[in-house]
Every structure is written in C-alpha cells, then in structure tokens.
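Everything in the sequence shown is counted per the working numbering, starting at 8 for the first residue and increasing by one.
Source of the hints: derived by calculation from the structure; they are not laboratory data.
Be careful, since some hints might not be right.
[Unchecked claim] Derived pair list, reagent style BS3-like, types lysine-lysine, alpha-carbon separation capped at 27 Å: (1) Lys265 / Lys364; (2) Lys184 / Lys265; (3) Lys184 / Lys364.
Remember, predicted model here, so these are calculated numbers, not experimental data.
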Amino acid sequence: MAKGNKVEKRNVNVPPNGAQDDTSNQKESLQRNVSLIGGIAFIVGSMIGSGIFISPKGVLRQTNSVGMSLVVWAVCGAVAMLGSLSYAELGTMMPTSGGEFSYMKDGFGPPLAFMYSWVAVLLIKTSSLSAISTVFGQYAAEAFYSSPECPPPVYVIKMLTVTAIVLLIVINCISSKSATSLQVAMTAAKLFALVLIICVGIVRIFQGHTEYISPSVSFDGSSTRIFAYGIAFYQGLWAYDGWNQLNYAVEELQNPYKNLPRAVMIGIPLVTIVYLLTNIAYFTVLSPDDLLASNAVAVTFANRMLGPMAWIIPLCVCFSTFGASNGILFTAARLAMVCSREGHMISIVSMVNVHRKTPMAALIFEGVIAIVMVIPNDFDSLVNYFSFTSWMFYGLSCLAHIVLRFTHPEWKRPIRIPLVIPLLVVIFSIYLVLAPVIDDPSLPWLFAALFVLAGLFLYFPFVKMGLRIKPFDYITLFMQQLLQSAPSKFVAPEDDSKESTDL
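Working from the sequences, and respecting the hints, build out all of it.
Following this line, the structure appears as structure tokens:
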C-alpha cells in the first residue's frame with residue numbers, strides 16, 4: 008500500500024522517491040546502461056514513429072491550408088520542447104523511473120498518481136504500442152502483398168503485429184543495453200528515410216515546385232474555427248509523443264543530471280526541424296487534395312518520385328515503427344514496475360531479473376495487454392482519445408512542477424527553469440483537453456473522462472483500504488511459484504518502503 012506521508016521525511020540532501028545518487032548501495036537495481044547517445048536515440052526514436060508518415064493528413068484536414076498546417080507542426084514542436092524542459096527539472100530532481108506517476112504522487116498525493124497509473128498502464132501506453140505495432144504490421148505485409156488488387160488479409164497484418172511485439176519483449180528482457188542498441192539502429196534507419204524525402208523536396212524546390220508552399224498562397228482557406236485546431240494539434244502531437252520517454256528510465260541513464268537535459272535539448276529540436284522539412288517536401292510533390300486522398304503519404308510520395316526504388320520508404324517505415332514500439336515498451340514496463348513498487352498493482356510486476364537486470368515481469372505484462380488490444384481500430388479516433396487522456400496528465404505533471412516549487416523549495420534541483428515554462432504547458436494542455444469537446448461534444452469524450460475518473464473509485468477500496476481480490480492473489484502466487492522454478496531468479500527492486508524478496 009502506498010505511503011502518502013513518506014515525502015514529509017525527506018530533506019534537501021536526499022532526492023525524492025527514495026532515489027540515491029549512487030545506486031550501487033542497492034542489492035538489486037537497474038543498471039545505468041543508457042548513455043547520452045542512447046538517450047538521444049530513445050527520444051528521437053520514440054518520437055519518430057508512425058506519426059510523420061500518417062498524421063500530415065489529419066493536420067491538413069483540420070487546418071484547411073498548407074501554411075497553417077506547417078504552423079501547427081512548428082507549435083507542436085515548441086510545446087514538446089517546453090514540456091520536456093519542465094520534465095528535465097522534474098527528472099533530475101526525482102532521478103527515479105516512473106515519469107508522471109512519481110511527479111503527481113509527490114505533487115498531489117497517491118490518489119491522483121494512481122488515477123494516472125490506472126490509465127497509463129492499462130490504456131495509454133498499451134494502446135500506443137498496439138497502434139504503432141499495427142502500422143508496422145501493415146507496412147510489413149506490403150512486402151508480401153504488393154499488388155493493389157490483392158491487399159494483405161487482416162489476419163496476416165495481425166500476425167506480423169503480434170510477432171513484432173513478442174520480438175520486442177524478448178529483446179527488452181535480454182538487457183536494457185540490447186534495447187538501446189536496437190533503438191540506435193532503428194533511429195538511424197528512420198532518419199535515413201526522412202533525409203531521403205527531405206533531399207527530394209529540396210531538389211523539387213530548386214526546380215521551382217513551390218506552388219503549394221509559397222507564403223502568398225499557402226494560407227488561403229485557413230480554418231477560422233479556433234477550437235477545431237484542437238484535433239489538428241492532437242494529430243501533430245501524436246507524431247511528437249515520446250518527448251518525455253527518457254524520464255521513465257532515469258535510473259538507467261548515465262550521469263542523468265547532465266545527460267537528461269542534453270538529450271532533450273538535442274533530440275527535440277532535431278525532430279522538429281526534420282518534421283517541418285518533411286512536410287514541406289511532401290507539398291513539393293503532392294497537392295493538398297492528393298495528400299488528403301492518400302492513406303499513406305510517404306508511400307504515395309515515394310511512388311511518384313522514386314520509381315523502382317519506392318520500396319525503400321515502406322521498409323524504412325517498418326524500421327521507424329519498430330523502433331518507436333521498442334521505445335514505448337521500454338518505458339511502459341518501467342512505469343508499470345514503479346506503480347507496482349508503490350502497491351498500485353500486483354507485486355509480481357515490480358520484480359527485476361537478477362541476471363539480466365531488466366523488469367522482465369513488467370515487460371511481459373505490458374506486452375500481453377498490447378497483444379490483446381491488437382484489434383481493428385479507427386486510427387484517427389485512437390489518436391484523438393490517446394491525446395485527450397495523455398495531455399490531461401502532461402498538464403497535471405507540469406502543474407505538479409509548479410506546486411513542488413512552493414511546497415518543497417528545499418529539494419535539490421540540479422536544473423532549475425523559469426516557472427513560466429511549465430505554466431505555458433499547463434495552459435496549452437487545458438486548451439487541448441477542452442477544445443475538441445467544445446468543438447464537437449459527443450459521448451466518446453464523456454466515456455474517456457469516465458474511464459480516467461474510474462481510477463479514483465478503484466484507489467480507495469483496493470489501495471487505500473487494502474481490499475484484496477482472491478483470484479488475483481492466486482494468480483500472483485502461481486506466477487511466483489513459476490518464477491521460482493525458472494532458471495533465472497527475480498527480486499523485487501528495493502525502495503524505501505519495501506525490502507527485496509529473492510524468490
């Protein structure tokens with residue numbers, strides 16, 4: 008059971024959440040295998056996934072003009088940068104894995120932290136992993152069903168999707184170093200695809216194909232519905248999502264006080280520039296109508312410009328989505344592990360493999376949920392509801408940043424940013440949550456909000472009061488016995504409230 012009063016015992020020399028600057032005094036802990044390059048790769052690799060190859064259509068549809076769509080992409084990059092700066096202070100002040108869960112727990116208390124963990128572990132992270140892996144399955148299937156008259160069957164796409172998730176579980180269970188190595192390789196591959204698109208766009212600009220991006224005409228017909236831009240930002244920010252991924256793995260980042268802000272300051276501007284140049288390149292080849300008619304913008308672009316070499320782009324999209332899924336699984340498992348440490352989930356999820364030093368139980372837990380969620384979905388609706396819930400908690404995390412400045416000014420802050428930065432993120436997140444609802448009030452938004460609030464109703468009986476459900480206890484006992492008979496041993500990671508248990 009979480010101990011809400013634990014924060015009152017801290018002092019200025021002890022980082023929050025029981026984290027120590029030197030983790031070597033813990034019997035069993037995650038190892039610091041993630042370097043600065045690996046951290047940049049996780050940010051860039053997690054952000055560049057399926058979004059830049061799919062979202063331009065959704066952004067353009069809501070803005071109604073090329074110029075405003077580019078403005079939305081730029082603003083999305085700026086918001087991601089501001090959010091990441093706020094998270095950099097939070098992450099170095101609380102150098103433990105867990106991200107938003109840890110920030111809201113110390114800022115607002117265990118109930119709100121549980122509400123976040125309830126939504127993130129069971130919906131946000133797993134649905135994102137499932138959706139991006141499904142895009143991988145779709146593009147991978149194109150290699151076997153290249154004829155337009157013979158599209159790939161749904162079961163083939165699902166089989167490839169599940170195979171990708173299982174493979175990622177195995178890679179992440181082997182070691183965090185293998186996961187970061189994969190991320191570096193996939194990041195290089197996806198950047199190659201985007202650089203290729205950008206280079207073609209530059210050539211087209213020099214050839215004079217600027218009829219759609221010229222400032223004199225690019226803003227014609229821009230939408231004047233202010234609240235309708237909320238959905239445009241949802242589509243754009245989906246492509247930027249992942250800017251906070253490294254905060255979930257601070258315990259495994261080498262020299263986090265220096266490398267976390269460095270990775271943020273390098274990775275996010277790089278992604279923003281790449282996204283803007285890629286969108287400009289699209290409009291040097293495709294008209295706005297062509298882009299809106301395309302289901303895969305990058306593939307349509309490649310088919311028009313690369314001829315027999317057009318297969319390169321779908322292949323690189325596979326690399327891109329595989330790498331993004333790897334980053335999401337990596338961080339989702341760390342979040343589930345931290346929630347379990349705090350007593351907000353079954354205890355088996357918090358256990359770390361002694362030999363591999365990886366949160367194997369949490370990786371399997373999150374991967375299995377994602378596999379169950381591999382069902383047909385409307386991509387745009389999935390992105391909208393994902394963004395609705397995500398930005399609700401991103402805003403609350405930045406609000407916790409402001410609150411902690413006043414409630415715990417004595418805590419050590421290796422990085423200290425102006426409070427206007429998290430305040431701007433809070434204001435923008437309020438707009439993002441309310442604008443789509445105001446523009447198009449409908450029951451699905453209500454259902455999403457009720458799912459979030461359900462976490463509060465579950466917290467008090469099951470966490471605060473310790474109510475137990477017998478079937479879950481039997482499942483936990485079975486898993487413990489299964490792990491005890493396995494060749495590899497597991498331990499529950501130490502924190503300041505629980506002792507390690509060697510099974």
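| message | Which constraints among the numbered hints does this structure fail? Numbers only, ascending. | response | No hint contradicted; all consistent.
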